[in-house]
Amino acid sequence: MSSVSTTAPNGARPVRRTWRLPITPLIGFGIVITYVSCALFAPWLAPYGEYQVVSDVPFGPWNSQNLLGTDQLGRDFLSRLIYGARNSMGIAFATTVVAFLIGGFIGIAAAAIRGWFDQVICRFVDSVMSIPDLVFTLMLLAIFGSSVWNLVLIIAALDSTRVFRISRAAALNVATLEFVEAAEARGEGVFWKVRHEILPNIMPILISEFGMRFCFVFLTIAALSFLGVGLQPPTAEWGSMVRDNAALINSGDITPLIPAGAIALLTIGVNFVADWLLGKSSGAQDV
Amino acid sequence: MSDMNEKKYWAMELSKGRISRREFLGRTLALGAATAMSGMIPSLAFAEEPKKGGFFRIGMSDPSQQDTSDPATWPASFAQSVFSGSMCNNLTEISPDGSIVGDLAESFEPADNAKKWIFKIRQGVTFHNGKSLTVEDIIQSYQYHMTADSTSGARTLLQQVDTITADGPNTIVFNLKAGSADFPFLTADYHLAIMESKDGGGINWEQMVGTGAFVMENFEPGVSAKMKRNPNYHKNNKPYFDEVEFIGIADWTARLNALVTDEVDAIIDVDLRNTSLIERNSGLKLSRVPALRHWTFDMDTSVEPFNDPNVRLALKYAMDRDEIVKKVFLGEAARGNDTPVANIVPFFKDPTPQHGYDIEKAKEYLKKAGLETVTANLSCADTAFPGAMEAAALYKEQAAKAGIVINIVREAEDGYWDNVWLKKPFNASDWYGRPTCDWVFSVGYAADAAWNNTHWKNERFNELLVEARAETDQAKRAEQYAEMQQIVHDDGGVITVAFANWTYAMSSKVSTAEIGGALPCDNLRMAERWWFTS
Amino acid sequence: MQIITSTDVVTKLLAQRLALGLLSMFVVSVVIFVAVNSLPGSFAAAVLGQSATPEAVAAFNQKLGLDQPLVSRYLTWLSATVTGDFGTSFTNRPVSTMVMPRLWNSLKLAISAALIAVPLAITLGAICVRFVNRLPDRILSATTLSTISLPEFFIAYLLILVLAAKLQLLPSLSTIRGSMGFADQAIRMILPVLTLVFVTLAHMMRATRAALLNVMAQPYIEMARLKGEPETRIILRHALPNAIGSIASVVALNLAYLIAGVVVVEAVFVYPGIGDTMVSAVSNRDIPVVQACALIFSAAYILLNLVADIIAIASNPRLMHAR
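Those protein sequences? They're chains A, B and C, same order as listed. Counting in my numbering, the first sequence runs from 92 upward without gaps. Counting in my numbering, the second sequence runs from 15 upward without gaps. Counting in my numbering, the third sequence runs from 300 upward without gaps.
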């Protein structure tokens, strides 16, 4: 990322180059690393299997065998929570990456090429964005079926409209700057322009947006699970774990709060990191 | 056969119904669920005298903004209970014990080997708008489903009716194309609610006027139906509530929340996972009613490898239904035995031997088919039936022990019934069940049935089906249906996983008599059959 | 403000935006029409339920004109819609009677939530900036981050647990009906409104904070500081008016969400909003209703964004001459 700060940014003021990590991104990194390890090492960390029924009692209480009790089918809650990290994060991550590949690519291309290409895509994206996400996702899932890959692709496709907007706007800001226009005059091609001038300059914005979108995707999947079309059982997923056990809240049991808390904590961690990255590049943090 | 004999037949039919009810009560007694049951007559079985009054609110699970009062439709229990069960009456109704009794018909009797059915209409019944019920209303209510361009779900059902004629002001004669001893059960179908006829033909369904226990006050599709007591109702003392409101609450947690916070007095379709929570709550009670509804894995008997009856038997023995009932349905269902006939249906007879989990037998039948192993692709989705994917996953593991490879093919949820059901060679299916053997078999197991999901064509079975349909000798009929249930069990392509329960949760101040299981919501009539204790 | 002198510029811009909006709505109607028609199953199969025999389904499809080719059905629909006639639902009820009461319900919910959330978000955002990187900012930022990261149905369930089940202050069911009085309806709307305030507050507050911080980095704020103006005054008098444009666009996004995207909250509280209408219409394949809902949603989105742009232009006259 050092190239970011060496290239002249958008002109107003030089980016202060600081590698001293303040406390919040440190916490953020800590959280993210913990979660990623949970996801990677789930089979070793979890006391039981993801689908293994360990108790005859649905909604078993917390005890020494099942630290967080059991769920509605008598499966170990803690194990499912750990496996849930893998499934929920893996899918959200894959979705966000695909969304950025599609949206980022087209967005930057639109900004670099402009003209009718830009116009047509902008109009189309505007139209798609004006359809409520959730309802549209429900429809598309109904058409294509709710397999994991369809889920990833559909959410990514819809989410890429947001990524498109952001990356296009950011890229446009850079593309209209003098040094880029100078390069253009020099006869550099579109690809060179994107590779050497636009991409390095908008990377921080994209990365911080990545964090935010990752969280939104997470919540979208949770909402879809709520509506019964997200990740399908028996796959452990935090959103559906909250939902399946939600009735417990009524009897004063806080177990369903835990996966929700897990989602919240991860989002906070990711945002701490994202905020720091954004602040580092825009200098807003120095105010 | 003389008329006299046929009257006797019907007396026997009713008594047959009572026997099956006693069997049913015996079962519930064994489960410890039923209370005092000293006699065979429902009113004696329950000591509590129903009280009048109160505003009963019930949380329904399947509201839709597309619901209308058009009797051609009524896809789910909300529309069915509101319009068919509370606002209207049929000629007959299925009583909680599974037998058929008159409703708007005072009495009914067959003639000409059950090719002709004569219904005497109850006198003095009025519609909610004050108009008296006439035979014309009834004829038009039936004709509505029978016209050439009818969009009704009941039109196929009524294809067996040739003509409907009035014989004087209070008699209706149905002339059937062929004898049908169970015809009165058909007239209890929820579509065949009697509505006010229009001048020049047709019925006035848009007016939302019927003869039923409750008068429609306010209907907001997909939200609520509020109704008030019909003071001129023809059934003695009924209904008990002054007002009822059906409230659509599709989300199951919201439904339970509404009950817990006293926003409603009862809810239907309790999520299986919540039954234990309800039982822990002293202010609530839970009611489980064995239903006709059952869940199956259906094999297409016309294609490899399922065209070999031995393979079918191997697959039947390779399923541990007890484990599935325990783990997937959390004990809230009854294991199946590879027939589609529920134990509350008249002429039910459990075929032998029980198809329990038996790896050795499964292997033996595979060997008989000349196979070491067999691979079956089971098409499934969660929409197929609640817990279908979990059941399939367990089945896969169980069958593997017998050398049978089950590949679970996850199909798209939406459109499952259009693209998978009836089309894929091995698929999961959800049957709401029908109240008679004839009906169950005609809909899904006859060679030419529209929903013959197993593509099963058994000559003997199809012969018996036609014979039994018109048979009026009670004992002979019982024999025929017993044989048919045995044939499906041995030769058919259906693996019956389990029979469902209807589950209701209600505040402890709500009282019920015996609850009918032929249709949801106490055979759709909970509004007129239930009452408040205090 | 110099808007007066540039009225023609604004009018031209408005006209251009409206034309583009109409184009968007046309694209939406095509996309949705194709999507609904690609859904497996049919209205007939949905409303006939387990009695959907092939004969009945065929008769139904014929009655509804579903046996006509796709393009001609679309054109028929389009020509009726451009005259303002949403047509008849497959249930034989006019689409407007199915959609309008629900839209009104949704608007009531959205407006109530927005009236609380928008001023609150801006105030809290300003407080964050006033105490940037100090305790109040950190606490507010962390809290809103957690509310933004909780699934909305979870917030809803928690509110039900605390306020309805335990404290028994409010009803858990928000099924408002025409037969209810105003007060009863208002009480039943409190919980969903609260949920939506929680859900939207964080996003808008963070946007306010970011926009204000952005403005605060401008040289003229330094000037104001050097002149010795108090920080609060600088934020309210100098920064906020200049940040209002970008805040408005985020507010518009959230308002659009409040009108159309609250399907989950509607489901939890059983609130009869327009989101539920669309979901129900989609699952029952009631195509005219789906189309009407999609058009309404897209119109709302376009109009709200347009208003946001106007606000942005009004607050920053320089934008009027840009591009």
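Worth flagging that the hints you see were computed from the coordinates, not collected in a lab. Incorrect hints may appear among the rest.
[To be verified] Computed cross-link-like contacts, EDC-like style, restricted to lysine to aspartate or glutamate with a CA-CA straight-line distance of at most 16 Å:
#: 1; chain 1: C; residue 1: K465; chain 2: B; residue 2: D276
#: 2; chain 1: C; residue 1: K465; chain 2: A; residue 2: D344
#: 3; chain 1: C; residue 1: K362; chain 2: B; residue 2: D276
#: 4; chain 1: C; residue 1: K362; chain 2: B; residue 2: E473
[Stated by the list, open to error] Anything over 10 Å on all C-beta distances counts as not near chain C; from chain B, calculated:
#: 5; residue: R169
#: 6; residue: T170
#: 7; residue: Q174
#: 8; residue: D336
#: 9; residue: K340
[What the hints assert, rightly or not] These stretches of chain C come out as covered by chain B in the derived footprint (C-beta under 8 Å, 3 or more residues):
#: 10; stretch: 346–355
#: 11; stretch: 468–474
#: 12; stretch: 557–570
Quantities reported herein were computed from a predicted structural model and do not represent experimental measurements. Think of the CB as a built atom: it goes at the ideal place given N, C-alpha and C, for glycine as much as any other residue.
Notebook entry, point to check: When the hints from earlier in the document are held up against this structure, which numbers fail?
Noted result: 3, 4, 5, 6
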